[in-house]
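Use these hints to put chains B and C onto chain A, whose structure you have.
Quick note, the sequences are listed as chains A, B and C, same order.
The number in my numbering is simply the position in the first sequence, starting from 1, with 35 added.
The number in my numbering is simply the position in the second sequence, starting from 1, with 4 added.
The number in my numbering is simply the position in the third sequence, starting from 1, with 10 added.
Since the hints were made in silico from the structure, they are not lab data.
Computed from a prediction, not measured in an experiment: that's the story for all the values here.
Hints may contain errors.
What the hints assert, rightly or not - DSBU-like, lysine-lysine: derived pairs with alpha carbons at most 30 Å apart:
1) B:Lys40 to B:Lys94
2) B:Lys94 to B:Lys119
3) B:Lys94 to A:Lys240
4) A:Lys240 to B:Lys210
5) A:Lys240 to B:Lys119
6) B:Lys210 to B:Lys40
7) B:Lys268 to B:Lys210
8) B:Lys40 to A:Lys240
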Amino acid sequence: MLLRYIARRLVIAIVAIYVLATITFFLMRLVPGDPFAGPRVAPEIRQALREHYGLNLPLIQQYGIFLWNLLHGDLGLSLSSRGHPVTDIILQAAPVSFDLGIRAMILSISAGLFFGIVAALHRGTALDYLTVVLVLIGISIPSFVLAGILQYYLGVYFKVLPIARYENFQSTIMPAFALSLGTMATIARYMRSSMLEVVHADYIKTAYAKGLTARQVVWRHQVRNALFPILTILGPAVANVLTGSFVVETVFAIPGLGRYFVTAMQNLDYTLVMGMTIFFGAFLILMNFLVDVAYGLIDPRIRLA
Amino acid sequence: MSTPETILAVEHLTVVFHTYAGVVEAVRDVSFTLGKGEVLAIVGESGSGKSVTAQAVIGLTPIPPGEIRSGRIDYRGTDMARAGIATLAKIRGAGISMIFQDPMTSLNPSMQVGKQIREVLHQHRSLSSAESIAAAVELLRLVGIPEPESRLVQYPHQFSGGMRQRIMIAIAIANNPDILLADEPTTALDVTIQSQIFRLIRDIQKRFGTAMILITHDLGLVAGSADRIAVMYGGRIVEEGLTDQIYYNPQHPYTLGLLNAVPKLTDSGDAPLRTIEGLPPLLINPPDACAFADRCPFVMKICRQKDPGYFTPVPDNRAACWLHHESAASQRAAFTSARVPA
Amino acid sequence: MTTLDPSLFEPDRERPPDALAGRVSLAFWSDVWRRFRQNGPAMVSLVVLVLFAILAIVAPLFAKHPWDYTDLMSTYEQPNWEHWFGTDALGRDIWISVWVGARVSLTVGLTAALAQMVIGVLIGCFSGLYGGRVDMVVMRFVDIMIAIPFLIWVSLFMLVLTPGIGSIIIAFALTQWTDIARLTRGEVLKLKQTEFVIASRSLGASGWRLIIRHFFPNILPIIIVAVTFQVTNAIFGEAFLSYIGLGIQPPLTSWGKLVSMGISEMRDNPYMLIFPGAAITLTMLSLQLIGDGLRDATDPRLRR
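With the rest of the complex left out, here is chain A:
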């Protein structure tokens, strides 16, 4: 049963990646005019690209070539970086982004869960209201505004933290925090409402009827069951961190995937954009798949169906 569940999810994931690649391919072909004719593309590159992509061939053949290349990990050549293979650019920038992203996720999840649980347990008190307010601000403030403000006040005004680049631990603090706030707020809010919902469940009444103390009921029964729905937002949370990285890396001048993507868009570097889109998409689809698998392993109702 569990194997069937995982297999189905895997098939869906693979199909999704395929469909995404196809959509991206055709979308890029919709660009009016010749995408490779832009002023930023050096002539010798243009020729190499024409051959590489077989632009003279019928569309279907181009599509075939595209898929074939894709399966071999060849995402084409970048327009604006002198024909650098897209794959290389991605591989070079990925580690930085992953490092930043993981820090942000750890921060979001731990702080988010903490605040969510604490707020729910102290419902109605000042602590609860404070958390709710912080959550609202965290969700509402756009990441670029936050990044800008942090950079100014902590970096320039108070000169507490470095404002750019990504060299030592201190320089990771602001970007990681800016990146994590939105997700932290979302997790806190969901955890809080999940805890408050679980508290009305019948099995909590049963737990009290057994003579358990409040602390025992909360930790053994309430928190455990409140965590389940949080798993379902982990997938979107990763997506949020990923898109947040576009802004945060740009503002803090961090040489990661996000910044490359933004510059690629600004430079109309279609091949790079396309390649990165497929990469991002595949990554997120994979992440969602992993979350699904994790859910299947943890929820006994699925594991032992």
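Using the frame of chain A, we list chains B and C on its own:
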């Protein structure tokens, strides 16, 4: 007949709830006692206050929005209405246990069933793991779950509704409580399973001599099991007495209505179901009057002006009805003749 | 026992007025409004939004010059009595810029959200009504669309279309209908199990009227709440696009553009970021609170 030693004494209990529409008086001045090993059935419609009463006995009234405004719930010297959390926690699950209505949601879905049973054991006794596992197996066997050893590690969703209720019963009796509260234990179950589970509860009660408060809306259910019956309406006990007397010689029009509502074998197939006209009262700022007055076929002027208090028309009984006042002779006669012989 | 007047024991013939009179029954929408009104933060947010909308419409009308009037004699001015929010690199008044930008951002937000709603409801109804294979295919398609974060979708579309207000709205509408589609489909499925089945037997106009009468009141609150949140996404998305240059083009301006300029000037002129930043944040905060308030006010379970 020897009176069993009293193990629970509820005195003038009043429980209210603060809602956005006002203060609802769910339980109004309720008093009763429970003897050792005795089975008391509390019967009434939804909203009569029966569940709230049971919750208060075990100290599970949600506060807020609930509030125990007055009264005393005496269990072995402890006032359950006022005791501290620590005291209540010691009593719950050991001295007083409760079974809830819906077995589908009363068990923690992410915890093994065996763990949930052993949890209540470890909470009140010092046992080793091996001992509690053995005890849990025995309990499952006792409540009729086959192959208990292998089922200990399973999760609630792997059991049917009836079996989950059996597990609940196992948890409730694990520490051999003095009092077992059963709040509509069979209402949410399949009709075919209902009698099985009910018989199980009865058998266990008899076997261990546990005192029991059985809460139900179905008068037909408790005929063979209860020693005494208390009928609740509008937050009050309107009649209380021995089982036989309640069934054969009811002293309150509401009790009569409930009895008549139970279809009898002697009814003809297409006879209409007998119901009690009207709806239960909304208990916000209830007036000083009989709560049943608006639905009572024997209502008198005084019923709407003053609350009746209790009369004792027959031995071992009390009924809150003006019909038993000396001046109500003619109406009482109408009431007596209205009682269709069983 | 005190003696009581025997006449009191005569049967009481008059029946009292309906006991139900004690229960307060309200029409649905007035009840929603009543509950919403009790929500402090939501009401304040409503006021704030209305205020912003009024300012967006009215403030530029009272300006001495159009927003992009450049005054090279008064560049980079701190907020003062003449320029409430200061001026930017070209001497443009930021107060006016913010409210002109508000027009764009709010319009884009609202229009995009409404367009999404239309598409989403249509697709959701379609998928739910036909059920079976069609439903499965559509839902798989939705899953794939959801797999890509909306910013990436929107950015892709913007690359293909020429940047501008229209394209932004189209980009959003074509890619963000998924949430509403899901919700609609869910309600349609629920409805299918109830009256629709019976209605379809009586076929024709009466069936349709039944659907409309029962279906829309159920789905409307859910949709409205969802749309409110979509407006937040749309405003954020537009700001993001403008920030990276793919959004609003001159001669228009939007909050995103203003923030983007503000960030580059953060070091010396923080006010250039703070005012537009605050405008966006407050708007999104207010929408969030209103969305929450609406959801709480329309939730049948919370009717204690």
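To see whether the hints hold, each was checked on the structure:
1. The suggested pairing of B:Lys40 with B:Lys94 holds, with an alpha-carbon distance near 20 Å, which does not exceed 30 Å.
2. As the CA atoms of B:Lys94 and B:Lys119 are separated by approximately 19 Å, the hinted pair is consistent with the 30 Å bound.
3. At most 30 Å may separate the alpha-carbon atoms for a hinted pair to count; B:Lys94 and A:Lys240 meet this at roughly 16 Å.
4. Between A:Lys240 and B:Lys210, the direct Cα distance comes to roughly 26 Å. Compliance with the 30 Å bound is thereby established for this hinted pair.
5. Between A:Lys240 and B:Lys119 the alpha-carbon distance is near 17 Å, which keeps this suggested pair within the 30 Å criterion.
6. For the proposed pair B:Lys210 and B:Lys40, the alpha carbon gap of about 12 Å is at most 30 Å, so the pair holds.
7. Restraint check: the Cα-Cα separation between B:Lys268 and B:Lys210 comes to about 28 Å, which is no more than 30 Å; the hinted pair holds.
8. Pair hint B:Lys40 plus A:Lys240 holds up; C-alpha atoms about 26 Å apart against a cutoff of 30 Å.
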